[in-house]
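K.L.:
Given chain A, put chain B in place with the hints provided.
Below, each chain spelled out in residue letters.
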Amino acid sequence: MSGKYALFLGCVAPYRYPGIEKSTREVFKHLGVELVELEGAGCCPAPGVIRSFDQTTWLALGARNLALAEKKGVDLMTICNGCFGSLFEANHVLQHHPEKLKEVNEVLAKVGMKYNGTVKVRHFAEVLYKDIGMEKIKAQVKNPLSYNVAVHYGCHFIKPSRVKHLDDPERPRILDELVEATGAKSINYKDKIMCCGAGGGVRSRNSSTALKMTEEKLKNIKKVNGQLILDVCPFCHLQYDRSQKDLPGYNIPVVHLSQLYGMAFGLPRNELGLEAHEVKFNL
Amino acid sequence: MAKVVEPDPEFTKKVINGGPGGDTLMACYQCGTCTASCPSGRLTAFRTRQIIRRAQLGLKDEVLPTEELWLCTTCYQCVERCPREVEITDIIFILRNMGVQAGYMSEQHKKIGESMLKIGSTVPFGDDMKELRKKMGLPAAPPTTAGDPKAQESFRKVMEITGFDKLMKGGKK
Numbered sequence: 001m002s003g004k005y006a007l008f009l010g011c012v013a014p015y016r017y018p019g020i021e022k023s024t025r026e027v028f029k030h031l032g033v034e035l036v037e038l039e040g041a042g043c044c045p046a047p048g049v050i051r052s053f054d055q056t057t058w059l060a061l062g063a064r065n066l067a068l069a070e071k072k073g074v075d076l077m078t079i080c081n082g083c084f085g086s087l088f089e090a091n092h093v094l095q096h097h098p099e100k101l102k103e104v105n106e107v108l109a110k111v112g113m114k115y116n117g118t119v120k121v122r123h124f125a126e127v128l129y130k131d132i133g134m135e136k137i138k139a140q141v142k143n144p145l146s147y148n149v150a151v152h153y154g155c156h157f158i159k160p161s162r163v164k165h166l167d168d169p170e171r172p173r174i175l176d177e178l179v180e181a182t183g184a185k186s187i188n189y190k191d192k193i194m195c196c197g198a199g200g201g202v203r204s205r206n207s208s209t210a211l212k213m214t215e216e217k218l219k220n221i222k223k224v225n226g227q228l229i230l231d232v233c234p235f236c237h238l239q240y241d242r243s244q245k246d247l248p249g250y251n252i253p254v255v256h257l258s259q260l261y262g263m264a265f266g267l268p269r270n271e272l273g274l275e276a277h278e279v280k281f282n283l
Numbered sequence: 001m002a003k004v005v006e007p008d009p010e011f012t013k014k015v016i017n018g019g020p021g022g023d024t025l026m027a028c029y030q031c032g033t034c035t036a037s038c039p040s041g042r043l044t045a046f047r048t049r050q051i052i053r054r055a056q057l058g059l060k061d062e063v064l065p066t067e068e069l070w071l072c073t074t075c076y077q078c079v080e081r082c083p084r085e086v087e088i089t090d091i092i093f094i095l096r097n098m099g100v101q102a103g104y105m106s107e108q109h110k111k112i113g114e115s116m117l118k119i120g121s122t123v124p125f126g127d128d129m130k131e132l133r134k135k136m137g138l139p140a141a142p143p144t145t146a147g148d149p150k151a152q153e154s155f156r157k158v159m160e161i162t163g164f165d166k167l168m169k170g171g172k173k
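So the sequence lines, in the order shown, correspond to chains A and B.
Residue 215 in the working numbering sits at position 215 of the first sequence, with consecutive numbering throughout.
Residue 167 in the working numbering sits at position 167 of the second sequence, with consecutive numbering throughout.
You can take every hint at face value.
Straight-line Cα separation of at most 27 Å, DSSO-like style, residue types lysine-lysine; simulated pairs:
1) Lys29/A / Lys134/B
2) Lys100/A / Lys13/B
3) Lys102/A / Lys72/A
4) Lys130/B / Lys245/A
5) Lys150/B / Lys118/B
6) Lys157/B / Lys111/B
7) Lys150/B / Lys120/A
Just a sample of chain A residues kept apart from chain B, beta carbon distances all over 12 Å, derived:
8) Gly3
9) Leu31
10) Glu34
11) Pro144
12) Ser146
13) Ile187
14) Asn282
Simulated coverage check for chain A against chain B, where a stretch passes if three residues somewhere in it have a Cβ under 8 Å from a Cβ of chain B:
15) 8 to 19
16) 43 to 49
17) 59 to 67
18) 205 to 212
Don't read these hints as lab results, they were simulated from the structure.
Even glycine gets a Cβ: it sits at the ideal position worked out from N, Cα and C.
The shape of chain B in the complex, shown without the other chains:
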């Protein structure tokens, strides 16, 4: 028996209103230029056109939990070539945000989010790097949040206000 997937029209509306670019969703007429231009789709099962179509149809569960949604490198090649000026990359961001809100997040990505909260960066900064910087005639810490606890505190506070800390714990904002 074929599986019947129930569309969710509310999901489509949420994508359209989910942020800048969302309102271009329904302009897609499925020509497939995006899929043909996608360097990630060349190597994987990621099909840009399919994700856009599923979003149009309200097939929420066929989009948000999928690994394919996370294979886009946000290279904008599809956006450059889309004859309908669909803001495809913006729509991918909206869908990913909805996926994260729904609790779909990989362990690797959770760690990056935690690193942002803890040290104000996605990249760790160790003593070996401080030594190398000094050797080169640079200050051990650059004039960023890395060497400035007060700045790091204001950076972290912004993330608390927007609810990013709760989001990384898997809870909804």
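If we strip away everything but chain A, and leave its shape as in the complex, we get:
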């Protein structure tokens, strides 16, 4: 397929942290990559909740989103691990189980749609790393950064690695390299690849357990003087940003990779949407 991508926005970015949407649009414009609008796309749907409730509905709504990208003739790109996990895995099921594809198409036919299984689901960090590449990214860095960054991979970007094949699930490097392209330093910390605590419907159903997991991560990041937390998932972003209100002693700003690139590429700070964050960015 062409070097264009259909931008899948999901829900948390456009409805909670629109700076992530804005930064993504600007960063890809700077890199000369066209993003096609995916009009009418819905919730991915949320893997932790909707997939836990009913996999038939999860698959059908995922296929609806995939069908929209297929009609545009381009691959679908997400800016969220949750959307990536949901759509990648739904696509994997549909491409490997013809009976599921048939079943889903019987549903889609009733809303005048069809999915043939031809779309690739991509994560924007993977697109940056593999398709665009370090050289082009480094060429756009007008404002080199010098922060000590605690990278949070999240769960559904790399894992499950036996279907995604993006990086080593125990010692991934993609995000560290993408961060260091800006001049910033990616620091090591205990349990770096651990979950933020929000996924699987735990944040909504059992918020105290989610919070305990987040605190564990924050504690480890604070111990090595992480100046900011870097994510590639608006839901992890929300969990880290909002949880710190309830955790005295923590005040570590949270940025999405698109926002970090916005800073490094010299975008005006007010276009990055940092004011929507609970933890104020004052670095």
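P.N.:
Then chain B, alone, in the frame of chain A:
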């Protein structure tokens, strides 16, 4: 007197046939790598290995109504490390679906399901956010179902066809 729990072999069969990944259930030999790798189990009484064992043994009532079933964040750490390639997270999804079908669902989760039916998203989208978006030079509503009633209608119709609306009302599909 010890409580005698009757196994239900049909339950095990249903898990195995409950969706992609279910057929790996019986490969588990109870090594416990999953439990040792679980970030949620570190902090709670959630024991991945125990849930898998109970599913193997057909102990339906020891699995479906439990709070532990809902403490998995679906992080896939156990799946990465399982020496038997058991699709543990897929099995958790199958078990949760069966639990919801049987009527075990928390109030918080019901609300999320209702939000999906009502606005096509798990996240509310208010006027303050529309203002912030405009200030940033973005359209008030993104080009998603949020600003497009026709798209929202097709999204909702998909959920009606699959019976998600009835499921959220607590009824079986």
